[in-house]
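Colleague: The lines below spell out each chain.
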Amino acid sequence: MSASSIAWTRRRVALGAAWKLFIANRSGLIGLIVLGVVLVLALLAPLLVDDSQLSVTKATGGVLDPPDGEYWLGTEENGRSVLILTWYGAQVSLLVGISAALLSVGIGTIVGMLAAHFRGWPSALLLRVTDFFLVLPSLVLAIVLSTVLARGLPTIILAIGVTSWSSTARLVRAQTLTVEARPFIERAQVLGGGHAHILVRHVLPAVFPLVLANTTLTVGSAIISESTLAFLGLGAPGTVSWGGMLKSALDTGAVTAGAWWYLLPPGIAIVIVVLGFTLAGRALETVLNPNLRGRR
Amino acid sequence: MVDVLTTTESATDLVGGRFGRGGSTLRFVAAKIGGGLVSLVMVVVLGFFLFRAMPGNPVRTLIRDRPGDLEQVERLRREWSLDKSLFGQFVDYIVDLAHGDLGTSFKYRQPVTDLLWDRVGATVLLTGTALVLSVALGLWLGTRAAWRHGSRFDQLSTATALVLWSVPTFWLGLIVLIVFAVGLDLFPTAGMVSPGGVDGFFPSILDTGHHLVLPALTMVAVVYAQYLMVMRSSLLEEMNADYLTTARAKGLRDDDVRSKHAVPNALLPTVTIIFLHVGFLISGAVTVEKVFSWPGLGLLTYEAIQVPDYPLLQGSLIVLAGAVIVMNVLADIVYRLIDPRVRTS
Amino acid sequence: MTGPLPSAPLSSASLSSPDPLPSSAPLLEFRDVTVDYSTSRGWVPAVRGVSLTLEAGDTLGLCGESGCGKSTLAMSVLRLLPASARIGGQILLDGEDVTTLSWGRLRAVRWAQASIVFQGAMHSLNPVQRIGDQIAEPLVLHGFRGPVRARVAALLEQVELPVSRASAYPHELSGGQRQRVMIAMALACEPKLVIADEPTTALDVVVQAQVLDRFGDLVRERDIGLVMISHDLSVLAASCRRVAVMYDGRVVEEGTSEQIMTAPQHPHAVALAAAFPTVGDPASRLVPPSPDGLKAPFSRPSRLKAPFSQLPAGNNDGVLEAEGLSVVFSQRGGGTVRDVDGVSLRCESNEIVALVGQSGSGKTTLARTLLGLQRPTAGEVRYAGVALPRSARALRDYRRQVQLVLQDPTGALNPRHSVYEAVAEGIRVHRIDGDERELVAEALSKAELRPPEKFFPALRSELSGGQRQRVVIAGALALQPRFLVADEPVASLDASVRGEILALLLRLRTDLGLGALVITHDLGLAWTIADRVLVMYRGKLVEEGPTEQVLLAPEHDYTKLLISVLPQSTRPA
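Chains as they are written, first to last, in numbering that gives the first Met the number 0: chain S, 0 to 295; chain C, 0 to 344; chain Y, 0 to 572.
For the record, the hints were derived by calculation from the structure and aren't laboratory data. In this text the structure is predicted, and so the values were computed from the model without any measurement. One thing to keep in mind: the hints can contain errors.
Stated by the list, open to error - Facing chain Y, according to a computed beta carbon distance under 8 Å, are these residues of chain C, among others:
1) R143
2) P202
3) A240
4) D241
5) A248
6) L251
Said to hold, decoys possible - Covered by chain C, per the in silico footprint, the following chain Y stretches (three or more residues, Cβ under 8 Å):
7) 122-128
8) 144-151
Here a beta-carbon is modelled for each residue, glycine too, at the ideal position from N, C-alpha and C.
Construct the complete structure from the given sequences, taking the supplied hints into account.
Modeller: Put into structure tokens, the structure is as follows:
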């Protein structure tokens, strides 16, 4: 057995064990299945939905019609099908959610690892900045960012990503500190390893699983943030998103007119998707952090 | 966005990191206040940076979004002395801030400071009520859920908490609004007081209370779940402690072991975490105030977004962020006084 | 300035009340007790049919390694086991069968009839409650009539703690003080039976002796039955009249402590007794004495490959020295602590030097400074005549000469890495020439893990404690060093495995000319394998010399104190 094949074998075994544990967790499995379905739907949307369905000018339905045989979830104020819009909206939510989460976790992981690994003033500075962002009302900050920059998907992704990295940073920092307190880090130092060796060979593999779980959970919260920003009017113009639909529902008086079919689907869609990510993320955490096994 | 459900960092680690051990109380208080001041300075600088120094120059945005609104542009140019250098603008900004001058609102044509001051009370009332209720509810339910770990009650509480966490606050507000205010007509649909006002001290309190119910309920529903989960996980962590075995060995009943030993230990770090996430509560206030037309800082911020009213947004950011920072400094100091573990020997 | 030395406790003459009265029923009786735990793999037995008796006023020691079931057996007396445990057989406490008691009666029995002194007092005390309140708690609970405060004060006095400490919190007390609090708490309700679970494990030797002594006195005065649990046979033999040795859930041998220590029958008991050698006994001294009483430096061709080899060769070769070394730490809240205070020493390769001292003597800091992990405040460390470099690159070269073996072999290995990767780590960092596979296999063989290929893919969790330590040693050997610094290399290992690792270190010295600086609190270990002994106290080296001289004819008061607090069975006659 060559050296690298030993390493890969043990990685595969570890992955297999983790997968089995994950499956055993019923809620995690449900979450994963839900996500799978949503992902497939989102990807299929541009293929199965004709562009004309989204066009305001070509809409053929009545204004705010209740559900009937043709429009299963009724129509919105422009006559478009609520069902089609909800389905199409999944794209934006997933895109923004995942991108913003990746950005946020990326920043957080780097900051957290560096803050924990190095001592002295760089670390203190990073910690202070992290604490600062942790405490700030992130939505308010995201609102300001979205207002100041040009409206669009990149802006939303940036706004969410830049304001929510601090909890990941704290988590990664705590985890890095825990790992680096273990004697095998000192042994690596004594064997002659430098910063890069310790960070890459020991810290990163130890931190990565939790970062993965954290990313999954962060996607859920990013989707909520995106929908909130869209609801407040800061969404990307020209895109269909669940938050935007709800804003329209409120603005056009659909709410007070009792058009529940406009109000419920986007919201329920958000809940289902976020719940899916949350359940999957929590299951991942349980699998990867043995301390939590008895506690969930 | 900052969520409490992902705290896999144990509660006691978090606390240890914030408070350390030993050292005199006076030095600790001084350090925390100093830290708070630094944070406030950072907020002020951030406020300036976001609006003046960001690549998307707000003036350009203003022009682009509203071509032809030259009067607004001129007003902004004058107020923010946009013809001066960046450094010059910063100096003016600081000087104005020192005088309590946060600029003039575009929309209302009034000093921002006055506008903020008018609305502060309403937001404090709403968020304060929501905070107290959700902390009480979350801690109580979390304690029971943890002690009956794995039971029906625990599973139900956890499931409810997870679902509520996945619900966007504004959507929950809309649903609550439709069902209770529009549908059942039990509560008013908007505002803090009935139109036309109410005579008499007591009746006006009741009236405000009546208006407070739905928005507060919405906020509590979303936030209590987080506190429940934190308390639950803190207590579960504590339940493995050895000193509980000692307590049982002494002959204490199970309930007493929990309430006299486990809960006090679990409570302290939980409270710290709760205060760390007050910012989340305030963020929630923005959307809830919008949905229920509650005349607070949140609604003001929403209205500012629509214009966009930059001076008002800047003022809002500074005040809201500053308030959270001050609260955290206070919470840290109070915690330090309560928890014997971090007190000096 | 170092303060006055702690006074040596008087040696305890009698170990229990003379002639324990045979009462009608023994105080504690285990009748064929079994304990099983329910796990995902089915029922796992922890205790398999144990029968023991204890009379009032008598003392019994339960000895065994981790996992033998001794703690489980003790916890079962008050039914403090987790819900997943199932107790079979009978446990009679003063005639009552504990296993069938109602909850109400059980709660009344707990603490009032039998109490427990738990191990790890730091975690067994409520961190946010004052210790006075914690001692008072069982008093109030069991209906003590009379002034509670006064009783708490009396209890504290009996364990020789100042009464003012009643208002302190656990973290404000030292380890020894906390243990005394646990003892005071256990005696609060005047129980008939006290169970002490590893009462001295976290304490250093001098404090350990004091605490055990006081405990013994108190128990004797009150005619209390005592069950003491420990993995350290010598401690039990000194404190208990009878000892029962447990292995894998069964009692494998039982008798008076003298019998067990001097003439054990069962192989496991033999191994345990051998792990605690008597200092001064030539049978346990593994180092062959050299004709002139000192080790002659072994001359071997130098195998240095790093820049260090460019040094003038001579009898400076492979010598680790420290001169006037001081390490001062600033304390939180002002003030400084001199962890290492003006230490000068010299170690040659091809000799084993034991650095002996209590916890807090600065020996670990000294070790880390010698390895370059800690910068000295004053003085310097020299290897082969050259001062230790500061730059990372030069330090790395130094690391090829001097390596480290840590105390906790489990923590020293990354749980995700296989044995192969752990041993290859040093090779990869230094990019040593040669076939990596061969180098790893060679290192594992030298550490006596054969056949090495079998161990390549193993993970940390699949190895025993002794095997893990061998892997750590192999990882160090892979760099072909001249010197090993071993910080408490066997303290975390089970008693029966200690001998193997020590023998390995000795063999590495004779076969490879590998020198070692072994840091330990255990004088028995020094006696077994060390050529020279250095004694450290509060940062200073107070005595040094050949092992026989230092341990059998000590000059400094502190050395004499260390020897005097050795449990009687291991003390030089």
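Colleague: Double-check C:L251 for me: the hint is only fine if its C-beta lies closer than 8 Å to a C-beta in chain Y.
Modeller: holds (7 Å)
Colleague: Quick check: the segment 122-128 of chain Y, covered by chain C? Criterion 3+ residues, Cβ under 8 Å.
Modeller: holds (count 7)
Colleague: At a threshold of 8 Å, is the proposed contact between C:P202 and chain Y supported by beta-carbon distances?
Modeller: violated (47 Å)
Colleague: Under 8 Å, Cβ to Cβ, is where C:D241 needs to be relative to chain Y, so tell me if that hint holds or is violated.
Modeller: holds (4 Å)
Colleague: Between the segment 144-151 of chain Y and chain C, see if three or more residues pass the 8 Å beta-carbon test, and mark the coverage as holds or violated.
Modeller: violated (count 0)
Colleague: Should the interface hint for C:A240 be scored as holding, given a Cβ-Cβ cut-off of 8 Å against chain Y?
Modeller: This interface hint holds because 7 Å falls under the 8 Å limit.
Colleague: Would you check whether C:R143 satisfies its interface hint, that is, whether its CB is within less than 8 Å of any CB in chain Y?
Modeller: Check failed: Cβ of C:R143 comes no nearer than 19 Å to chain Y, outside 8 Å.
Colleague: Can we keep the C:A248 interface hint, with Cβ of chain Y closer than 8 Å?
Modeller: holds (5 Å)
This entry does not satisfy hints 1, 2 and 8, going by the numbered hints stated previously.
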